[in-house]
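Quick note on our numbering: the sequence shown kicks off at 615 and runs consecutively.
Rather than coming from a laboratory, the hints here were simulated on the basis of the structure. Just so we're clear, the structure is a prediction, and the values are computed from it rather than from any experiment. We put the beta carbon where it would ideally sit given N, CA and C, even for glycine. Don't take every hint at face value.
As the list claims (entries may be wrong) - Taking lysine-lysine pairs in the DSS-like style, the calculated list, with each CA pair at most 30 Å apart, reads:
{"no.": "1", "residue 1": "Lys792", "residue 2": "Lys765"}
{"no.": "2", "residue 1": "Lys1122", "residue 2": "Lys1135"}
{"no.": "3", "residue 1": "Lys1122", "residue 2": "Lys1183"}
{"no.": "4", "residue 1": "Lys779", "residue 2": "Lys902"}
{"no.": "5", "residue 1": "Lys722", "residue 2": "Lys775"}
{"no.": "6", "residue 1": "Lys775", "residue 2": "Lys765"}
{"no.": "7", "residue 1": "Lys1165", "residue 2": "Lys1193"}
{"no.": "8", "residue 1": "Lys1210", "residue 2": "Lys1135"}
{"no.": "9", "residue 1": "Lys1193", "residue 2": "Lys1092"}
{"no.": "10", "residue 1": "Lys1193", "residue 2": "Lys1145"}
{"no.": "11", "residue 1": "Lys802", "residue 2": "Lys792"}
{"no.": "12", "residue 1": "Lys1210", "residue 2": "Lys1183"}
{"no.": "13", "residue 1": "Lys1193", "residue 2": "Lys1183"}
{"no.": "14", "residue 1": "Lys1183", "residue 2": "Lys722"}
{"no.": "15", "residue 1": "Lys946", "residue 2": "Lys902"}
{"no.": "16", "residue 1": "Lys857", "residue 2": "Lys779"}
{"no.": "17", "residue 1": "Lys1160", "residue 2": "Lys1145"}
{"no.": "18", "residue 1": "Lys1122", "residue 2": "Lys1165"}
{"no.": "19", "residue 1": "Lys1135", "residue 2": "Lys1092"}
{"no.": "20", "residue 1": "Lys1193", "residue 2": "Lys1133"}
Claimed, not checked - Ranges of calculated distance between the beta carbons of each label pair, as one might list FRET restraints:
{"no.": "21", "residue 1": "Arg665", "residue 2": "Ser1088", "range": "44 to 52 Å"}
{"no.": "22", "residue 1": "Gly931", "residue 2": "Val900", "range": "20 to 28 Å"}
{"no.": "23", "residue 1": "Pro816", "residue 2": "Pro744", "range": "42 to 50 Å"}
{"no.": "24", "residue 1": "Glu1071", "residue 2": "Val900", "range": "41 to 49 Å"}
{"no.": "25", "residue 1": "Lys802", "residue 2": "Glu1077", "range": "47 to 55 Å"}
{"no.": "26", "residue 1": "Glu1071", "residue 2": "Gln1205", "range": "30 to 38 Å"}
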Amino acid sequence: MFRALFALLALCPVLFAARPNLLIITTDDMSCDSVGVYGCPMKDTTPQMDRLAARSLRFNHAHVVVGNCMPSRNVMWSGKYPHNNHIEGFRPISQAEKTYPVLGDLMKEAGYFTGIRHKVEHSTPYAPFPWDVDLREGRRDDVKNPASWGKAASRGIQAAKQAGKPFCLLLNIADPHKPFYAEGSKGKLVEDPNVPTRVFKPEEVVVPGFLPDDPVIRQELALYYSSVRRADDAVGSILEALKASGEEENTVIVFLSDHGMPLPFAKTQLYHHSSRTPLMIRWPGVTKDGAVDEEHMISTVDLLPTILDMLGIASPGGFDGQSFAAVLRGEKQPERTMIFKEHNENAGGQNTPMRAVQTKDWLYIFSPWSNGTRVMSGATAGTETCRQMRVLAKNNEQVAARIDLFDHRVPAEAYEVHYDPDALTNLIAKPEHAAQVSMLEKALEDWMVRTQDPLLEVFRRREDAAFREAFMKSLEMKPKERKERQAAQNALPKTPDAKALIELEIPKSVTAGQTVTVKLKHHFPAELGEKPVQVTLKNGKGARIKRIELKASGEGEQEVSFDIPADVKSVSFAGLVGKSINSALQHLQSQVVPVKAP
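Take the sequences, apply the hints, and build the full model.
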């Protein structure tokens, strides 16, 4: 027995060393079909990415959930849709409001050394997040310098070795996000020290089908593709550093883009080219070099549970996504026939909610904000391409129609993306496609029910224009509510010993089928007046079972009773001051409590 024990102990360092590292590489604002192996019609845009694809499993039907940066990235690393992780736009939540684990938490708990470069504040729900190392190069980090990415990777790998841990590095390449290579203001070219290994000319550009062909647009696209090549140079620099470290064959590599190019009808939208992403995964000893998956629809909400599976880390549960590690092993998951997408807020805080469902052949988009007059703003509206489209629209009816759709959209759209990937012909009103549209609408509604989407009711009443508009008016009150919340928070005492607004005293034990009592203590300053307080019973995965609203003011104590369902194995309790999480002055979440059998 002792001899066997000693043999096992002797193996421990070997077992530890065999734990795979994790290297995640993302690009910023890069369309899937800008990559050579994903069908880019131009030559030599991405030789390094193509080489990575030759050593990875490449997914041809992978999509991000959101078409803008911070919410898209937070879906990836939380395994939750934006309406469940509460990162609907570019406003972080507080550490206290984060009631779910994210990539960095889980990797640190599993003994990994964690590091990140660029998009630091956009990669977690709150900041500063306790990464083991931030790999930026000083206060003025030149994230557009391709060689700097190899140096960052080397520093992260070396720091992990010094710590005696496997590494988890999240390297968020800055290109081809604007400003593009050599791009100045108002379309002017400027000196740029970070020259890509190939610079594209306007006459070389193949204009995407969702944009008009025009010299001004070609110029901006040439700068975009040159920036794609610079991102590719950065990928090559990172992979060379990994190889030099000796860790290449013990490292899982995940590569993708956060969403499509930063031009109209791609970024900040839910069209095919908005969400399709060049997902490649290299899992040494498991995935086959140069393999291509044409069968499965993959969503980035599935990334975190998949990563945990690949690394052998126990899942905490509560994810919206599902692992596709079995697909990486060569198995099939026939249920992967569609993905779901959503948009809520842009970087400026404008709320223009959209929901979408996409199969390999069809795309359906619901936009309750569209009323014919409301204009959706966004990052791509200020591009030279968009400005030129407005100029062309004055004398070109087709471009005018595109600009009208860009600004105002329509409440519902349906595209046969197998034949129309550029989403040029809306088939929503065509009788011959009514059955297909109905199927997509049913799938979207079922998903909204499963994920407790707050847009469910307005979707069910989507034919009622007055209801849609009333719903939007309520959403447009959010900025006012946020200002009121901030004013109320500013009015609170700032002394170090100031009490929290609320405290929850939860039962020490919970039994299935019985009633429990939660004690709410509130400490409201006089200037806060009376406020609603929500007390919620949740199951062990965080799904709401019941919510009770109370009114509270000043100092006091109230009790709330809940009936524990007979079929739950664990529960938790939450409290917030306000009407919802988005307007809460304070939010509390208890630990999970096991439920005893009666």
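Q | Outcome for the supplied range 47 to 55 Å, where the beta carbon pair is Lys802 and Glu1077 | A | Since the Cβ atoms of Lys802 and Glu1077 sit about 48 Å apart, the hinted range of 47 to 55 Å holds.
Q.
For a C-alpha distance cap of 30 Å, please report whether Lys1122 and Lys1135 respect it.
A. holds, 17 Å
Q.
So if I understand the rule, the pair passes when the alpha-carbon distance is 30 Å or less; does Lys946 with Lys902 pass?
A. Distance of about 15 Å is within 30 Å: holds.
Q) Is the Cα-Cα distance between Lys1183 and Lys722 30 Å or less? A) holds, 27 Å
Q.
Holds or violated: Lys1193 and Lys1183, Cα atoms, limit 30 Å.
A. At roughly 28 Å apart (the allowed maximum being 30 Å), Lys1183 and Lys1193 satisfy the hint.
Q) Are the Cα atoms of Lys1193 and Lys1092 separated by 30 Å or less? A) Holds - the C-alpha atoms of Lys1092 and Lys1193 are around 11 Å apart, at most 30 Å.
Q: Would you check the hint for Lys722 and Lys775, treating anything up to 30 Å between C-alpha atoms as holding?
A: Judged against 30 Å, a Cα distance of about 15 Å means the pair holds.
Q) Between Lys857 and Lys779, is the straight-line Cα distance small enough, at 30 Å or below? A) It holds: about 18 Å lies between the C-alpha atoms, which stays within 30 Å.
Q: Starting from Lys775, check that the Cα of Lys765 is at most 30 Å away, please.
A: holds, 15 Å
Q: Just tell me: holds or violated, for the beta carbon distance of Glu1071 and Gln1205 against 30 to 38 Å?
A: holds, 32 Å
(Q) Against the 30 Å threshold, does the CA-CA distance of Lys779 and Lys902 hold or violate the hint? (A) holds, 27 Å
Q) Under the criterion that the straight-line Cα-Cα distance not exceed 30 Å, is the pair Lys792, Lys765 satisfied? A) holds, 23 Å
Against the hints set out earlier in the document, no violation occurs for any number.
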